[in-house]
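Chains as they are written, first to last, in this note's numbering: chain U, 1 to 450; chain H, 451 to 505.
You may find that some hints are simply not true.
Chain H is faced by these chain U residues, among others (derived, beta-carbon under 7 Å) [as the list claims (entries may be wrong)]:
1) R102
2) R112
3) K196
4) G200
5) A394
6) L397
No lab work stands behind these hints: they were computed from the structure. Ideal Cβ positions, reconstructed from N, Cα and C, are used throughout, including at glycine.
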Amino acid sequence: MPKWLDTAATAWVEAEIRARDRARIAALKADPRGWRRWWLLFLLVGPGILVMVADNDAGGVITYAQTGAGYGLGFYLPFLVLLGPVAYIVQEMTVRLGAVTRRGHAEMIWGRYGPFWGAFSLIDLVVANFLTLVTEFIGITLGMQVLGVPPVASALAAVALIAAVLLGLRYYTWERVSLGIAAGNLVFIPLALMAKPHWGAVGAAFLHWQVRGGFTPAFLYVLLANLGTTIAPWMLFFQQSSVVDKGLTEREIRHGQVDTAIGAAVMVAVALAIVILTGSWLYGQPGSGQWDMQRILVALGAHLGRWGEDLFALGLVEAGTIAAIAISASTSWACGEAFGWPKSINLPPKVAWRFYLPGLISLVAAALVVLVPGMPLGFLNLTVQVIATIFMPAAMLFLLLLLNDPEVMGEHVNRRWQNWAAGGIVLFLVAMNGLYGLSVVFPHAFAHWL
Amino acid sequence: MRQGERLKVVEGRNEAAPLGRATLQGWAVWAFWGLRVYIVVMTALVVVGFLHGMG
Chain U
1 MPKWLDTAAT
11 AWVEAEIRAR
21 DRARIAALKA
31 DPRGWRRWWL
41 LFLLVGPGIL
51 VMVADNDAGG
61 VITYAQTGAG
71 YGLGFYLPFL
81 VLLGPVAYIV
91 QEMTVRLGAV
101 TRRGHAEMIW
111 GRYGPFWGAF
121 SLIDLVVANF
131 LTLVTEFIGI
141 TLGMQVLGVP
151 PVASALAAVA
161 LIAAVLLGLR
171 YYTWERVSLG
181 IAAGNLVFIP
191 LALMAKPHWG
201 AVGAAFLHWQ
211 VRGGFTPAFL
221 YVLLANLGTT
231 IAPWMLFFQQ
241 SSVVDKGLTE
251 REIRHGQVDT
261 AIGAAVMVAV
271 ALAIVILTGS
281 WLYGQPGSGQ
291 WDMQRILVAL
301 GAHLGRWGED
311 LFALGLVEAG
321 TIAAIAISAS
331 TSWACGEAFG
341 WPKSINLPPK
351 VAWRFYLPGL
361 ISLVAAALVV
371 LVPGMPLGFL
381 NLTVQVIATI
391 FMPAAMLFLL
401 LLLNDPEVMG
411 EHVNRRWQNW
421 AAGGIVLFLV
431 AMNGLYGLSV
441 VFPHAFAHWL
Chain H
451 MRQGERLKVV
461 EGRNEAAPLG
471 RATLQGWAVW
481 AFWGLRVYIV
491 VMTALVVVGF
501 LHGMG
């Protein structure tokens, strides 16, 4: 078959499958009364909730748990609440960009700013995604070990499950199955409630915002790790590609915004639950600031009992799984967009094997890295968060440029307050990263500041 | 008429608009240079930080 015919046939298959999903939306929109309005919203939400919950990934859960154990409730509870609107402001822009342009983030950067920045963003994303996937497998194997499953078995099972979900399902079913897995992220909320935290101390954390132990390089490192786990470059690429693959249009931007807001609220609630859990019960114990995840799980088990340790471990496995599903899809979408390959989860693997391949390769490679003995996995986990935070301003700059481009966005360009808010976020990220850099070079100047 | 074509009639445009290369002017040119400098400086600082072992 000639190449042009092959491409045309692929595009036709993709359009037909998406049209089936869109036909259901169109039918509900024709008469959006009563329960049909809610059903319409249910069908249209997905990318926003998925990206935010997947952001509470295994690395995130480990970071939040270590943050609570090392710094208590004092500084990080209010800080995490502030990160909710920050995540919403950033991700909402990808909804508009995707719905208006019908193109993914990688395709937009490549097409609008040329191959240098396109390649820079793609390489940055693929490397960061791979490192992040490693952290997901750390969480999955660690959690399954607590439940008595050896790492080789759990890593292989996770690869098989994620590959099956990506290859075997079409976009709508893939999204719904992923949302079902994402619901498991909520397990940390009842876990925190059942641990009976000191609510007075939780309330006091919001009233007296302070850093215990001073503004040290180690504190800044943890701060960056928390920032990195809340807003990361892969999230921009994932949600925009997801919006495009789902087929959302300008008329569904409002639904996309609601979707993103629900996701941000869930993300913050889960993050708070983890910090409250470890901050209430592990903070202040000798050496808790240096504990790794295994030690934290044992300490939680001592306080909550075996069921508590198992439930937390299960949450860790779920967090790693849902993030690995999202991140491997994000790698595939970005490569497909950059190289002009067929790029939809609606396409069967036989037709779009090139699209699925980068995501699958990164998945298998990450699983293998985790199984190598002696790998400094805890260090790798924090490192990936820091790297993601450092590259985030670059990703944000492209997003802001595109969202202010009337040729691209038409009437949906950023409003003034959105530019101020997003610009403020970029400046904050740059300032925090700069502060971190200075604290590394001049550590004594920052000790006991604040 | 196929489903995809029927839907195009109901929903209007459903394909991506043409995408051309942007012409950078004013603050955008400065922003790109700032980005280049930022990436180099931060990468160097992170390398230094890791070599120092995070105190």
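Cross-check of the supplied hints:
1. R102: Since the shortest Cβ distance to chain H is 4 Å, the answer is holds.
2. R112: holds (5 Å)
3. K196: violated (34 Å)
4. G200: violated (34 Å)
5. A394: Holds, because the Cβ-Cβ distance from U:A394 to chain H comes to roughly 6 Å (cut-off 7 Å).
6. L397: Cβ of U:L397 sits 6 Å from chain H, so the hint holds.
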